[in-house]
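Chain W: place on chain E using the hints.
Letter by letter, the chains look like this.
2 protein chains.
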Amino acid sequence: MAVYTHIDDTQLSAFLSDYDVGTLLSAKGIAEGVENTNYMVRTTGGTFILTLYEQRVATDDLPFFIGLMDHCAASGLAVPRPIKRKDGHQLGQLVGRQAAMVSFLDGVAVRRPRPAHCLAVGKALAQFHQTAAPFAGHRNNALGPAAWAGLFDESRSEAESVRPGLTAMVDEVLPQLSGAAAGGWPMELPQGVIHADLFPDNVFFIGDALSGLIDFYFACRDSLAYDLAILLNAWCFEDDGQFNVTKGRALASGYTALRPLEPAEAQALPLLCRGAALRFLLTRLYDWVRVPTGALVTPKDPKPYAERLAFHMTVDSASEYGLDVGQ
Amino acid sequence: MAVYTHIDDTQLSAFLSDYDVGTLLSAKGIAEGVENTNYMVRTTGGTFILTLYEQRVATDDLPFFIGLMDHCAASGLAVPRPIKRKDGHQLGQLVGRQAAMVSFLDGVAVRRPRPAHCLAVGKALAQFHQTAAPFAGHRNNALGPAAWAGLFDESRSEAESVRPGLTAMVDEVLPQLSGAAAGGWPMELPQGVIHADLFPDNVFFIGDALSGLIDFYFACRDSLAYDLAILLNAWCFEDDGQFNVTKGRALASGYTALRPLEPAEAQALPLLCRGAALRFLLTRLYDWVRVPTGALVTPKDPKPYAERLAFHMTVDSASEYGLDVGQ
Chain E
36 MAVYTHIDDT QLSAFLSDYD VGTLLSAKGI AEGVENTNYM VRTTGGTFIL
86 TLYEQRVATD DLPFFIGLMD HCAASGLAVP RPIKRKDGHQ LGQLVGRQAA
136 MVSFLDGVAV RRPRPAHCLA VGKALAQFHQ TAAPFAGHRN NALGPAAWAG
186 LFDESRSEAE SVRPGLTAMV DEVLPQLSGA AAGGWPMELP QGVIHADLFP
236 DNVFFIGDAL SGLIDFYFAC RDSLAYDLAI LLNAWCFEDD GQFNVTKGRA
286 LASGYTALRP LEPAEAQALP LLCRGAALRF LLTRLYDWVR VPTGALVTPK
336 DPKPYAERLA FHMTVDSASE YGLDVGQ
Chain W
36 MAVYTHIDDT QLSAFLSDYD VGTLLSAKGI AEGVENTNYM VRTTGGTFIL
86 TLYEQRVATD DLPFFIGLMD HCAASGLAVP RPIKRKDGHQ LGQLVGRQAA
136 MVSFLDGVAV RRPRPAHCLA VGKALAQFHQ TAAPFAGHRN NALGPAAWAG
186 LFDESRSEAE SVRPGLTAMV DEVLPQLSGA AAGGWPMELP QGVIHADLFP
236 DNVFFIGDAL SGLIDFYFAC RDSLAYDLAI LLNAWCFEDD GQFNVTKGRA
286 LASGYTALRP LEPAEAQALP LLCRGAALRF LLTRLYDWVR VPTGALVTPK
336 DPKPYAERLA FHMTVDSASE YGLDVGQ
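Residue numbers (our numbering), protein chains in the order written: chain E, 36 to 362; chain W, 36 to 362.
Bound conformation, chain E alone (with noise of 0.2 Å):
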């Protein structure tokens, strides 16, 4: 969470004269966001926020995010809206960066999500499910299965200094999790755009009333249900690694009282929840023991990850995670 890139009053016009937005009123660098630096700034025209993608984000994929972010505001979903350009682009160029504008929401992330905020967000991914649904950008997910064995190996000699016994547990269920294993990773499953980072960090209440949610910079083509087992690793674990079956309730039933499980969907929940810690494991666990001296961002500590992949291997049964299965 950091302002990588300064801007300076004269750039700053100077962008904003290519919008149709009135005059710069005041900017504001915030701490929020790991990858990219990010201005609040205010306008004549009213509240934005100023994006400069800094090198982690895959400038080709720019277009696939900003499609996202348009065609569901435009959908009346509460996501930050691109602002366009006079040009008709919603992508520019500042300090040499690519950059852009969208609407500022109002609302503040949740520390410690209650009941009611699990049912919020349910409601609120399968409605951004349905509503992405027509969208017809694309793009892999490139921290899918395919990358985790590979992801590992990058960092497998730190592993067992980081929480031993922890080569075992990823080198047990990395196979698990193939594709081509039989009960593996399941292949077939109802597809879409998944948002696949929805973490408390980037869901906005007003009191107990979702207000938006943010940073679609992951969003990717995958399996919906696979969206579902990240929010229930996300949202449903307390600080103390145990999971709270009745924020798992929650989160299920608002999920599926807008989009109601397959069975080939709830019977893989297990399986998928193995996947969603997995990932966030590894990826923790690259930047953890890579973290530059003097960087300015506190990498994520995998650890937590790791509990919550040994509590899903216990898990037969997407019952445990509190859905509803019909039984």
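These are calculated hints, taken from the structure and not from any lab test. You can take every hint at face value.
In silico SDA-like cross-links for lysine to any residue, where the CA-CA straight-line distance does not exceed 20 Å:
(1) W:335 - E:41
(2) E:335 - W:40
(3) E:335 - W:41
(4) W:335 - E:39
(5) E:335 - W:39
For the chain W half of the interface with chain E, some residues (derived, Cβ under 8 Å), not all of them:
(6) 75
(7) 144
(8) 147
(9) 241
(10) 242
Note that CB positions come from ideal geometry on N, CA and C, so glycine has one too.
What follows is chain W alone, placed relative to chain E:
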């Protein structure tokens, strides 16, 4: 410029419940302020800056700073207005730190001030001096001439590695700035509350119109003309180190249009400018040679202030700064 202390939604909502500002809508940690943590907070009652005072601000001084802002805002100056809590106090506690909320000011800091900006800030400085005159609070200048020799001793051993010749320059100028020396630091100039840190970072403009002054955390009682000397240093040198007399003339004329200098103040200006350059040289040098590994904040380079000090040591008359000395 960093968010040192993170506050979550629950902590913030509890803190805001002590104020009559309505419901929390949004809170963003902003990269503003070197010493403290700042959040931009939106509620149904308005937009505010929430400051958490970190270690380098002496909390005993906070009532002076808050009281000064309150006095100036109530007198109509465009400065942050401290918000009163329901109990009437303007300071609270948040995450173990003293904390205050002030009104948000629109405007943008200007990285390369033009003469029009210098004219405006000169005028604003005089307005501030006049407005603050009846303010009863007292705070000594902890970074005044009496502190400079000791401050340099704490960095003396590293000074030559920062800039060859720096030790000799400081050792030459320090005795000139002693209050004890004949023709030394002037002790009898008109006194008042000075801002003492009115750099371009701390002055907001909308277009060419000055919209606000911020960051009163170095304010103290001292010679008013010393504040003008600080501004001549901070606003009127180009990036290549040259003093721009057009900007100096604009700044001085803005100031003297509202508050003409007494002859003794004009006469002392070259010495005051040396002192102001030395003060920022020494505090920047102190921070520069002590930057911890992994620091969130990049210290400011002291070398430009060595160049400015060298320039001031060649100046004999306030007219060289663009001041109309009535001759």
